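Take the sequences, apply the hints, and build the full model.
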Amino acid sequence: MKIDRTVIDRIVMSIFESWIPHVYLIGGEPSLLGSNRLNDYIELLSQRSSVTIVTNAQIYLEDLSQKLACIGVPIHGINGVHDFLTGKNGSFMTAKKSIERYVARGFDVRCIPVLTKTNFDQIYDIIGLAKQLGMESVFVDRYEDGGIGSLRSAELKPSLEQFRIALGQMIKGRDDFGIPVGWGTAIPFCLDERLLTENMYADCGAGITFCAVNPHGQVRLCNQSERIYGNILNERMEAIWHKPELAEFRDLAWVEKPCTGCAVLADCMCGCKVDANHSSTFCIDYAVRENGRFCEPNALAQKQNATPAIPNELRHFRANRYARLNTQFKEKYLITRYQTIILDENSVSLMKLILSGETEEKSLIDMFVDSVDASEVRRFVSILEQVEAIDIVKE
1 MKIDRTVIDR IVMSIFESWI PHVYLIGGEP SLLGSNRLND YIELLSQRSS VTIVTNAQIY
61 LEDLSQKLAC IGVPIHGING VHDFLTGKNG SFMTAKKSIE RYVARGFDVR CIPVLTKTNF
121 DQIYDIIGLA KQLGMESVFV DRYEDGGIGS LRSAELKPSL EQFRIALGQM IKGRDDFGIP
181 VGWGTAIPFC LDERLLTENM YADCGAGITF CAVNPHGQVR LCNQSERIYG NILNERMEAI
241 WHKPELAEFR DLAWVEKPCT GCAVLADCMC GCKVDANHSS TFCIDYAVRE NGRFCEPNAL
301 AQKQNATPAI PNELRHFRAN RYARLNTQFK EKYLITRYQT IILDENSVSL MKLILSGETE
361 EKSLIDMFVD SVDASEVRRF VSILEQVEAI DIVKE
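According to our numbering, the residues represented by the sequence shown are 1 to 395, in order.
Keep in mind the hints are simulated off the structure, nothing from the lab. Since we're looking at a predicted model, the values are computed, not measured. Virtual Cβ for every residue (Gly too), placed ideally from N, Cα, C. Check each hint, because a few of them may be wrong.
Stated by the list, open to error - Computed spacing ranges between beta-carbons, pair by pair:
#1 Q328 - D4: 20 to 30 angstroms
#2 S363 - R5: 42 to 52 angstroms
#3 E290 - R194: 15 to 25 angstroms
#4 A212 - D391: 46 to 56 angstroms
#5 A374 - G27: 27 to 37 angstroms
#6 N79 - G357: 45 to 55 angstroms
#7 H242 - S371: 31 to 41 angstroms
#8 R194 - S371: 42 to 52 angstroms
Unchecked claim - Calculated cross-link-like contacts (lysine to any residue; reagent style SDA-like; alpha-carbon spacing at most 25 angstroms):
#9 K117 - S35
#10 K88 - I11
#11 K352 - R378
#12 K88 - S46
Written out as structure tokens, the structure is:
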């Protein structure tokens, strides 16, 4: 399919005007656009968003913008397994060399393998290799029936036992190699007790905090879905996002047994909701449909963020280069490289000062002495350090 690059330009501009906190450029293959055009997009979007690209790393982008927050690269297996799954001999070594070069240039590079029948027993080795290469983390995408992959479901879809073996290797790899490891796709919480006990559970946020836009501007709830809710070439993203038609997903009327009435339904959302080989709309995850429920998770406890440490000495800092403030909506957001945090009015005022160049904790305390307790200012600075919105400057 030939892509009209002027249409891509218009899509990118629409995304920029929508003030979306985190933007992923995935394709297809974004490296085919070349460094110059990609850099134009990154330079524009990074003014308001944290920007990630996902690439197969077969083309090394020599002059890629340093404003890019992350590069996602799949390593699907070691040597021949990766080459088999990509359908290209030598693709493993090419990707490995590109990763090494990106890491050497200071980029955060994330490993994003797809779990299949072919590589389920290599996940531990993939994690070890990612650590060796200096990659930032490993997020495993379980194979889902969508796109061209749906035509090869029988040879790619992992069994429940293979999934569990891979999960065990993920946990062991995380613990042995000391690198963040998780799921990049939604997984039903009931498939294995370790998903909760080992903090390995994940939902994708489709239709709630995430959507996908294809090269024609069509908006879908995820990149696997074929259901279209509008087009950002002629509609504002905010208008599409609030269309009543999306209630067909958000009201959960499509949920079936055994997920109906589940204690974690609001968090798990039935795993992956899109299956091109089963439904034209939404459905519960194939692993639950095909195997049933294997444990009954208790409702998740409300996450309590650990109180960040506050040092005795006052701190000097600078705003992290990926920190952004988004005040375009009712809720005000602090955007970091990988997170979006809702801020109250005082926090917004403090963050504006930091982004405008304030570097002294004492100055913030003095400026807010009449409205915010010093301990709260110091706690906020510690939170900013924790979420990497600021970098502490050592004396």
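Hint-by-hint comparison with the structure:
1. Q328 - D4: 20 to 30 angstroms: holds, 29 angstroms
2. S363 - R5: 42 to 52 angstroms: holds, 47 angstroms
3. E290 - R194: 15 to 25 angstroms: holds, 20 angstroms
4. A212 - D391: 46 to 56 angstroms: violated, 32 angstroms
5. A374 - G27: 27 to 37 angstroms: Since the Cβ atoms of A374 and G27 sit about 49 angstroms apart, the hinted range of 27 to 37 angstroms is violated.
6. N79 - G357: 45 to 55 angstroms: holds, 50 angstroms
7. H242 - S371: 31 to 41 angstroms: holds, 34 angstroms
8. R194 - S371: 42 to 52 angstroms: holds, 47 angstroms
9. K117 - S35: Since the Cα atoms of K117 and S35 sit roughly 35 angstroms apart, the hinted pair is violated (cutoff 25 angstroms).
10. K88 - I11: violated, 31 angstroms
11. K352 - R378: Holds, because 16 angstroms separates the two Cα atoms, which is no more than 25 angstroms.
12. K88 - S46: violated, 33 angstroms
Going through the hint list in order, the structure does not satisfy hints 4, 5, 9, 10, 12.
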